[in-house]
Amino acid sequence: MNPFAYSRPDSIDSAIDELVTEPAAKFIGGGTNLIDLMKENIEKPSRLIDINRLPLTDIVELPDGGLRLGALATNADTAYNPLVKERYPLLSQTILAGASPQLRNMATNGGNLFQRTRCYYFYDTSMPCNKRKPGSGCGALNGYNRIHAILGTSDSNPLTTCIATHPSDMCVALAALEAVVRVEGPNGERTVAMADFHRLPGNEPQYDNTLQPGEIVTAIDLPANGFAQHYNYLKLRDRASYAFALVSVAAGLELEGNTVTNARIALGGVAHKPWRKTEAEELLVGKEAVAANFRPVAEKLLEGAKGYGHNTFKIDLAKRAIVRALTEAVTMQKATPQ
Amino acid sequence: MTYIGQPVKRVEGADKVTGKAKYAAEFNVPDLTYGYVVSSALVKGKITSIDTSEALALPGVLEVFTHENRPKTAWFDMNYKDMDAPPGSPFRPLHDEKIKYSGQPIALVVAETFELARYAASLVKATYEQEAHETDLEAHLAEARDPAVGVASLLKPPPPKPRGNADMAMMAADVSIKARHVHGPQHHNPMEMFATTVEYGKEDKDGKPYLTIYDKTQGAYNSQLYVAQIFDLPFSHVRVISPYVGGGFGSGLRPQYQLFLAVMASKALKRSVRVTLTRQQMFTFGHRPNTVQEVELGASSDGTITAIKHDAKAATSQFEDYTEVVVNWTGMLYDVPDTTLTYKLKPLDIYSPLDMRAPGGVTGDHAIETAIDALAYELGMDPVELRLKNYSEKNWTEGDKPYSSKELRACFYQGAERFGWKERNPEPRSMKRGHNLVGWGMATGIWDAGRLFARAEAILTVNGKLRVSSATADIGTGTYTIMTQIAADTLGMPIEDVIFKLGDTEMPLAPFQGGSMTISTVGSAVKQVCEDLGKKLLKLAGKDAKSPFYDANWKDVTFFDGELRLKKDPHVSMKLVDIVALNGGRAVSETSTSMPNPLVSGKYSKHTHSAAFVEVEVDEDLGTVTVKRAVTAVAGGRIMNPRTARSQIIGGMVWGISSALQEDSKMDHNYGRFMNHNLAEYHVPVCADIHDLDVIFVEEHDDIVNPLGAKGLGEIGIVGMPAAIANAVFHATGKRIYDLPITIDRVLY
Ligand SMILES: Cc1cc2nc3c(=O)[nH]c(=O)nc-3n(C[C@H](O)[C@H](O)[C@H](O)COP(=O)(O)OP(=O)(O)OC[C@H]3O[C@@H](n4cnc5c(N)ncnc54)[C@H](O)[C@@H]3O)c2cc1C
Ligand code: SF4
Numbered sequence: 001m002n003p004f005a006y007s008r009p010d011s012i013d014s015a016i017d018e019l020v021t022e023p024a025a026k027f028i029g030g031g032t033n034l035i036d037l038m039k040e041n042i043e044k045p046s047r048l049i050d051i052n053r054l055p056l057t058d059i060v061e062l063p064d065g066g067l068r069l070g071a072l073a074t075n076a077d078t079a080y081n082p083l084v085k086e087r088y089p090l091l092s093q094t095i096l097a098g099a100s101p102q103l104r105n106m107a108t109n110g111g112n113l114f115q116r117t118r119c120y121y122f123y124d125t126s127m128p129c130n131k132r133k134p135g136s137g138c139g140a141l142n143g144y145n146r147i148h149a150i151l152g153t154s155d156s157n158p159l160t161t162c163i164a165t166h167p168s169d170m171c172v173a174l175a176a177l178e179a180v181v182r183v184e185g186p187n188g189e190r191t192v193a194m195a196d197f198h199r200l201p202g203n204e205p206q207y208d209n210t211l212q213p214g215e216i217v218t219a220i221d222l223p224a225n226g227f228a229q230h231y232n233y234l235k236l237r238d239r240a241s242y243a244f245a246l247v248s249v250a251a252g253l254e255l256e257g258n259t260v261t262n263a264r265i266a267l268g269g270v271a272h273k274p275w276r277k278t279e280a281e282e283l284l285v286g287k288e289a290v291a292a293n294f295r296p297v298a299e300k301l302l303e304g305a306k307g308y309g310h311n312t313f314k315i316d317l318a319k320r321a322i323v324r325a326l327t328e329a330v331t332m333q334k335a336t337p338q
Numbered sequence: 001m002t003y004i005g006q007p008v009k010r011v012e013g014a015d016k017v018t019g020k021a022k023y024a025a026e027f028n029v030p031d032l033t034y035g036y037v038v039s040s041a042l043v044k045g046k047i048t049s050i051d052t053s054e055a056l057a058l059p060g061v062l063e064v065f066t067h068e069n070r071p072k073t074a075w076f077d078m079n080y081k082d083m084d085a086p087p088g089s090p091f092r093p094l095h096d097e098k099i100k101y102s103g104q105p106i107a108l109v110v111a112e113t114f115e116l117a118r119y120a121a122s123l124v125k126a127t128y129e130q131e132a133h134e135t136d137l138e139a140h141l142a143e144a145r146d147p148a149v150g151v152a153s154l155l156k157p158p159p160p161k162p163r164g165n166a167d168m169a170m171m172a173a174d175v176s177i178k179a180r181h182v183h184g185p186q187h188h189n190p191m192e193m194f195a196t197t198v199e200y201g202k203e204d205k206d207g208k209p210y211l212t213i214y215d216k217t218q219g220a221y222n223s224q225l226y227v228a229q230i231f232d233l234p235f236s237h238v239r240v241i242s243p244y245v246g247g248g249f250g251s252g253l254r255p256q257y258q259l260f261l262a263v264m265a266s267k268a269l270k271r272s273v274r275v276t277l278t279r280q281q282m283f284t285f286g287h288r289p290n291t292v293q294e295v296e297l298g299a300s301s302d303g304t305i306t307a308i309k310h311d312a313k314a315a316t317s318q319f320e321d322y323t324e325v326v327v328n329w330t331g332m333l334y335d336v337p338d339t340t341l342t343y344k345l346k347p348l349d350i351y352s353p354l355d356m357r358a359p360g361g362v363t364g365d366h367a368i369e370t371a372i373d374a375l376a377y378e379l380g381m382d383p384v385e386l387r388l389k390n391y392s393e394k395n396w397t398e399g400d401k402p403y404s405s406k407e408l409r410a411c412f413y414q415g416a417e418r419f420g421w422k423e424r425n426p427e428p429r430s431m432k433r434g435h436n437l438v439g440w441g442m443a444t445g446i447w448d449a450g451r452l453f454a455r456a457e458a459i460l461t462v463n464g465k466l467r468v469s470s471a472t473a474d475i476g477t478g479t480y481t482i483m484t485q486i487a488a489d490t491l492g493m494p495i496e497d498v499i500f501k502l503g504d505t506e507m508p509l510a511p512f513q514g515g516s517m518t519i520s521t522v523g524s525a526v527k528q529v530c531e532d533l534g535k536k537l538l539k540l541a542g543k544d545a546k547s548p549f550y551d552a553n554w555k556d557v558t559f560f561d562g563e564l565r566l567k568k569d570p571h572v573s574m575k576l577v578d579i580v581a582l583n584g585g586r587a588v589s590e591t592s593t594s595m596p597n598p599l600v601s602g603k604y605s606k607h608t609h610s611a612a613f614v615e616v617e618v619d620e621d622l623g624t625v626t627v628k629r630a631v632t633a634v635a636g637g638r639i640m641n642p643r644t645a646r647s648q649i650i651g652g653m654v655w656g657i658s659s660a661l662q663e664d665s666k667m668d669h670n671y672g673r674f675m676n677h678n679l680a681e682y683h684v685p686v687c688a689d690i691h692d693l694d695v696i697f698v699e700e701h702d703d704i705v706n707p708l709g710a711k712g713l714g715e716i717g718i719v720g721m722p723a724a725i726a727n728a729v730f731h732a733t734g735k736r737i738y739d740l741p742i743t744i745d746r747v748l749y
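The listed protein sequences correspond, in order, to chains S and L.
In terms of full-length UniProt numbering, the first sequence opens at residue 1 and continues consecutively.
In terms of full-length UniProt numbering, the second sequence opens at residue 1 and continues consecutively.
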């Protein structure tokens, strides 16, 4: 861990100012990811701008029927918030499938968006990693890549290859719910659709998301439709709790009788960002909500998937998980060990 | 009052949960400096340059030790051998420019604060010249060879010579099965990271310092020996203290490199130094080795096993031949005339493996006990019945010795009863719950019940308090508590008046805590010394001709309720505190030695046994396996404390679940490096993985193992579990998964 300065601004504007004047600085929320990365010499911020004094902890209703989640509301407070539980149970279930109670008590919604990949090679500064050190190569490509991505990877140029996943659970539900990220920066405020917030590695695996220099996330807006009747978050992992997803599925359905009128499906653990494909969701609309109709959806979502050896099993596993997640979303009988 | 056999609570429990109990990195000595280790990125080759200038330039950095500037230490290999060193040439930290394994310590930064040392360590830059490396056991199996033999082989006998002709018998068998199992490496990962705090004391007239060393170790004397030999210090100058160990599991059986580095730095800088390893560095020394096994069994159609072949090939380092007993258990459990047991090693560019809870036993047991299950299916026999039919009454691997006690049958019966085994439909895939397949499996477990030499001291103070000590360790097994119980019972004292101390080289010698031998070894010494102290007290009590104990013999008296009493008339008594008073204001003390009598115990084979019964649920669509319940019946001699005993077995069972379903140190052979080197990615069970676990202790009397009749329970709990789980998964799914851990991908594909 490098020596660093520390400050604790009282206003969003001064937080932004501090970051603009010192681009090597970093915001710190709960610190549950950043501090680990600093101890491992992966992040070396010149300053920690502690944003915990900013008035961003509220969860409030929006006029359009949606809900605004403050960037500094903790994952725990969000998951247990009565409005979230009632109107966005998918989000609540998803957050609670992640990390541990201790971590969720510290972790902020903003920080969760920015958590970095758990790729072993990214975490080990002795290893090559294009994300950590652009141009150094990708250790995972021909290495131990059981937890790595099968969709949207970049593997053609050794100097930009990256097959990492985004590890967040919460973001998978946010993607399915079509949340909107509110951002403030030196040029004012803007909003970013969840689908556009994270990016694929492309030629620049060092960038996880589309945030611009000097910007801060202030809130996450949830649209009115929370798919509260038929939803499921299915997370497959190596132990029953406190492990990152090998594959996860956030699903929300709207049904009329047994006919699907609206479907949302996002996958975690398979790509550099929560994976969605609206064509796949559209396949379901107007169809009966039965397993036979879920399989083509799974095939569609996994179209173009590619395994790298240790992680090849994820392709089939993801399909199985999609079918199960949708099946359980219909019945709302969730008997799958998570 | 008798305490032995009672569920006495941990005597050190309150200290542990209130943080009063101190661990090696928590002893704050004045003017402490902090060391941080720099680890090698390379697996094999040499360091061509190491630049420490940037680190040294930071104010507060005292020194950066590397192979280039390290102080001289002992020359001969001999001096680096600790009490648990396998044959070979022990690893020497910072010895020269050579890199022998990935993660090897290449520098130690010492600074005034930990944070500074850690930062400075990130500025040390090494360049390497790489050589081709071999880390993949499976790619080099053909090169495996016989292990070297050394002192360590005494406790770990090599396989017996083949007897009969297993190949011929196999061909003649009515049914046979064959299997191959691959076990990946595992790391101990105790909660407490390895750490050493060295307090630099005064120097003698030759300038040799007195060092007080707080070390994370399972044997204080082992650390003392290691330090004294390497750094040319008299034993009297090296005091090692280790009152609490935050989990050992075998990792503390050998001194780890932080001890060497901390002492080296302390001596060179003439300062007190603490070196703590990181979690990542916990993957840079001993581990359970990668092992590949092949098992073949033949049987006649009535279920008599007629042929056994069990072969194991394990990885070791290039510098030491670390061995385990992997295949011998098969011979102990199944006394089959035509048996071939073989064990070989393949040296690789890794650190030497190291004993890890039931080393070899849990590995070999998984192979033989899944093979027995497969054979039961071939024969159409119940697996318990097949085991009963081939029950061994003697241990041929130790020259046909009878067992000192073996209540394994009772384990089968009682375990099966509690579990409800007779309700089992043997047909695979026949049991379901919701959309999950349910499987029931079982396996036998076996482990050693050994005993070594130990000494203990007992002091009755003028206040009538008993202080007993022996330099053993308590790695969480309950040693503090049980020794206190033994001492209290032997001298008939209330347990509040008895205190047991351990983990200090100022105390009488005891071996390291390992191999489930502490109860036998140190327990016997504690009993012995308390008896010897009792004899002294009797003598003192009977000194005066008018004393009612004047002509009493040892066999005429008992100790009860803090008093010495005449057996024939318990009203004739003397308080122990009054007896001490006769000693002229001084405490009464005694030191004794206890060791097994080879003439008696040498005639027997001494083991603990168990039977594990497991229910799993398998979600076949998604590949998840959950152990819903498990019953382990244990034959472990006399149970000294059912509470600590149960917690040992439960802990072992949990680790069995871990081993079967989760734990795996994953090496990337391109880099020869363990990649999942943290607790987020190296999985061990969390509470949500653990459901209903039940333990039965069957009655077992054994006068031969030791005077207490108790056998160690630290390891037996893990042994049968992986095989029982794997067998249950087969019963659930009809699919045999040979390799461990049984993860989602292995269930599905
Ligand atoms: C052992 C372990 C297990 C875990 N398991 C899971 C799991 O199963 N599932 C899961 O989803 N997560 C898991 N996590 C990750 C956890 O959810 C994240 O660490 C947490 O959400 C990060 O939030 P934070 O507030 O602590 O972020 P911090 O560590 O404070 O910050 C992370 C990053 O976000 C930036 N940042 C923070 N807030 C803002 C903001 N408002 N605007 C702009 N940038 C910001 C910081 O600069 C930093 O770069 C696990 C973590 C650990 C340590
Ligand atoms: S997958 Fe990405 S994060 Fe992992 S080593 Fe390759 S480049 Fe780095």
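It should be emphasised that the hints constitute simulated quantities derived from the structure, not laboratory data.
A portion of the hints provided could be inaccurate.
DSSO-like mimics (lysine-lysine), calculated; alpha carbons at most 27 Å apart, straight line [as the list claims (entries may be wrong)]:
1. Lys26/S / Lys735/L
2. Lys205/L / Lys72/L
3. Lys536/L / Lys575/L
4. Lys465/L / Lys555/L
5. Lys319/S / Lys575/L
6. Lys39/S / Lys666/L
7. Lys26/S / Lys39/S
8. Lys555/L / Lys306/S
9. Lys133/S / Lys178/L
10. Lys44/S / Lys536/L
Stretch-level coverage of chain S by chain L, calculated; a stretch enters the list once three of its residues show a Cβ under 8 Å from a Cβ in chain L [to be verified]:
11. 165–179
12. 262–276
Computed from a predicted structure; not experimentally measured.
C-beta: ideal position from N, C-alpha, C; glycine also.
Agreement of Lys536/L and Lys575/L with the hint, judged by alpha carbon distance not exceeding 27 Å: 14 Å, holds
Hinted pair Lys319/S and Lys575/L, Cα distance within 27 Å: 77 Å, violated
Distance restraint between Lys133/S and Lys178/L, which requires alpha-carbon spacing of 27 Å or less: 48 Å, violated
Restraint check for Lys465/L with Lys555/L, where alpha carbons must lie at most 27 Å apart: 24 Å, holds
Holds or violated: Lys44/S to Lys536/L, with C-alpha atoms at most 27 Å apart: With Cα atoms ~67 Å apart, Lys44/S and Lys536/L exceed 27 Å; violated.
Restraint check for Lys39/S with Lys666/L, where alpha carbons must lie at most 27 Å apart: 22 Å, holds
Holds or violated: Lys26/S to Lys735/L, with C-alpha atoms at most 27 Å apart: Given that 27 Å is the threshold and the Cα spacing comes to 51 Å, the pair is violated.
Lys26/S paired with Lys39/S [C-alpha distance capped at 27 Å]: 15 Å, holds
Hinted pair Lys555/L and Lys306/S, Cα distance within 27 Å: 80 Å, violated
Coverage assertion for the segment 165–179 of chain S with respect to chain L, Cβ distance below 8 Å, three residues required: violated (count 0)
Given pair status - Lys72/L, Lys205/L, alpha carbons within 27 Å: Cα-Cα ~20 Å, so holds.
Given coverage of the segment 262–276 of chain S by chain L, tested with a Cβ cutoff of 8 Å and a minimum of 3 residues: As far as the segment 262–276 of chain S goes, the hint is violated, because 0 residues have Cβ atoms under 8 Å from chain L.
Comparing the model with each numbered hint stated earlier shows that hints 1, 5, 8, 9, 10, 11, 12 do not hold.
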